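Read top to bottom, the protein sequences are chains Y and B. Per this note's numbering, numbering through the first sequence is continuous, rising by one, with the last residue being 408. Per this note's numbering, numbering through the second sequence is continuous, rising by one, with the last residue being 408.
By construction, these hints were calculated from the structure, which means they are not laboratory data. Only a predicted model underlies this, so the values are computations on that prediction, with no experimental measurement involved. Each hint can be trusted.
Result set (SDA-like, lysine to any residue): computed pairs, CA atoms no more than 25 Å apart in a straight line:
{"#": "1", "chain 1": "B", "residue 1": "57", "chain 2": "B", "residue 2": "100"}
{"#": "2", "chain 1": "B", "residue 1": "319", "chain 2": "B", "residue 2": "376"}
{"#": "3", "chain 1": "B", "residue 1": "37", "chain 2": "Y", "residue 2": "143"}
{"#": "4", "chain 1": "Y", "residue 1": "114", "chain 2": "B", "residue 2": "123"}
{"#": "5", "chain 1": "B", "residue 1": "114", "chain 2": "Y", "residue 2": "123"}
There are 2 protein chains.
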Amino acid sequence: MSSENTLDDEDTFKILISTDIHLGYLEKDAIRGNDSYNTLNEILNCAKINQVDFILLGGDLFHDNKPTRRCLHSCITMLRKYCMGDSPIHFNILSDQTVNFNTTKFPWVNYQDENLNISIPVFSIHGNHDDPTGAEGLCALDLLSASGLVNHFGHSHSVERIEISPILLQKGSTKLALYGLGSIPDERLYRMFVNNQVTMLRPKEDQDEWFNLFAIHQNRSKHGPTNYIPEQFLDDFLDLVVWGHEHECLITPTRNEQQLFYVTQPGSSVATSLSPGRSHQETVRQFFIQDVVLADYEDAFMPETPQVMKKVENLCYAKVAEMLEDAERERLGCPLTPEKPLIRLRVDYSGGFETFNTSRFSQKFVDQVANPKDIIHFLRRREKKEDINWSAQMCHYEV
Amino acid sequence: MSSENTLDDEDTFKILISTDIHLGYLEKDAIRGNDSYNTLNEILNCAKINQVDFILLGGDLFHDNKPTRRCLHSCITMLRKYCMGDSPIHFNILSDQTVNFNTTKFPWVNYQDENLNISIPVFSIHGNHDDPTGAEGLCALDLLSASGLVNHFGHSHSVERIEISPILLQKGSTKLALYGLGSIPDERLYRMFVNNQVTMLRPKEDQDEWFNLFAIHQNRSKHGPTNYIPEQFLDDFLDLVVWGHEHECLITPTRNEQQLFYVTQPGSSVATSLSPGRSHQETVRQFFIQDVVLADYEDAFMPETPQVMKKVENLCYAKVAEMLEDAERERLGCPLTPEKPLIRLRVDYSGGFETFNTSRFSQKFVDQVANPKDIIHFLRRREKKEDINWSAQMCHYEV
Ligand SMILES: [Mn+2]
Ligand SMILES: [Mn+2]
Ligand SMILES: [Mn+2]
Ligand SMILES: [Mn+2]
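So that you can see chain Y by itself, here it is in the shape it has in the complex (with noise of 0.2 Å):
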């Protein structure tokens, strides 16, 4: 990319994350009407201004199974607009397409389509508002996939077993295994994974090599002994989980314990207008994650060196210093973007290396970052063989 934010490198994926759009909620409201239409235009005019390679949406597009002809009109328009154009993408799609994109005769990616010219490929798994219907089994969604302006995936067409076979895309050495499953009803899928019938399937090479991301639309929160969907279910082999459905905004990843991965929750774009008089700007929250191995540093040094640890903390520093340089860079760009990002910096300390205090840590960055307190996460990686060179940005609309 010609960008001068140095983000925009070779092996960096550079995602924009969004849920739970709801286009067309409250669209016959004579002051709201609008509100839901001009969100989805925010959201892709970030993303058109930030260059990301692509948008996964994680489900609830649309509010209504059935959207209007207005609804309709407006998404495929902005769309349209924002996805289509000249600029290069720069990744490759390595997994077999007619698994992944199974609801159109056009079972390819559609920046790979030689008739359209895309800019942006959206990946988009289906909600409960706008999940399949009729004997054809279509949703809202593959209108617009059958139009080539959004690529469908996780589609399980069969009611006895579900097999999640992941798009592998590849950027640079970076290799981004991204998992789908639309939306089925929670005592189904409970009752599915308690049964085994539900499978992630996996590149059967280099497995440890791929970072693999999961999109996810279910009630994550307990609304009855089987309405929901545990993180314990899902396997471990995971490394993040964007879980759509759950509309409260907790986007800034949390780590389940004990399956090692993390699960960021963007929350809908759209519940936020609710609330009635207000006088909202939309803004966008930058959120940066990058990994460092220590054991990948042999030649600065090992568990042994002395004064290691004041050597990592220093690492530490540094990394993330780099990303608040390249937020406020990026930041320029966007002018509704808040000030402070979200910054995470995964240290992984397996190997014989010890955790440093992360409080004192956080102490440099306080006026900088939304997440001063929770800046380090540090983790163990138990069959990790290389750095997986991975960050992403996940923009998400907040009052």
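Start from chain Y and add chain B with the ligands according to the hints.
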């Protein structure tokens, strides 16, 4: 074009005209549910095989104002399959496209959109079945035009006055002014015609060089004193009127002797499938029409030349034979096409020529054309200055 078909010359518009496809008609019927879909598929396939320059639809593409998801999905899928691709487009548009295409945020013809690779542009007016509704005045066709699959034209946004601006198309030396008017309740349009509230705009320069084609979707037969549009209401500068809405097939152009234009009424492609228990095979009848202006042959004969009528008759024989050869050659590419084409030779005998006996002329072709009694049409074009180099092929489905 690389076709071996000699009709694909650089000055001839090759147009597939179809109307009243009524996609989704009886789609829930267990037996006939697919008929309207198969028909559209056949029509588009015919357009592709014959490498037409464009498709002109006369309204009622959709049977229901709000087509089902299946219906929209099928339509989008078929249009993307047949109308996108690498075949180059050989005509230009000279008119102001923001005036021609006023129902989307993309007011230009789809094949000129740099993000879409269109092989067959579709131009369509709307019918009464798929007419605009709601505050936004959008019709189902506008979902297709927003996605860039169809060029919706002829939508008048005013109820006060209607100004019909033509799409000015040029292919080689041939100039085609394409007028369209989407369906309007007959009595209202009747009244507007009577009150001089309907204006057909003409290009300021070289008016006589344009072939003027008008697509309309109204009652043609009298359903009540003001519940139809008399042909006499239409401007007499028109050359050909494509009349949609009337489902009866009267595709052979009939001449309105008062206005001196021709009217073709293709009829519905789906009404024919109404008879129960039929085993019909959808077929496409070729239709060729060509103009001869005797005054242009001054090198060969003049009105005072000895035996001039014999020479004129021989010229006409040669022209018809040529069209039959073209038809035969073309038919080989389209296996379902019936053997006998419709042939029309319009002979402009103004400038002192006389007419010859057409029934004797027709004897020669009785086994070769579908309309032997009706091949030659004599006409005198009052203001005509130049030969209009025009021929058309119209496909129509017949039982
Ligand atoms: Mn939702
Ligand atoms: Mn939901
Ligand atoms: Mn009709
Ligand atoms: Mn009609």
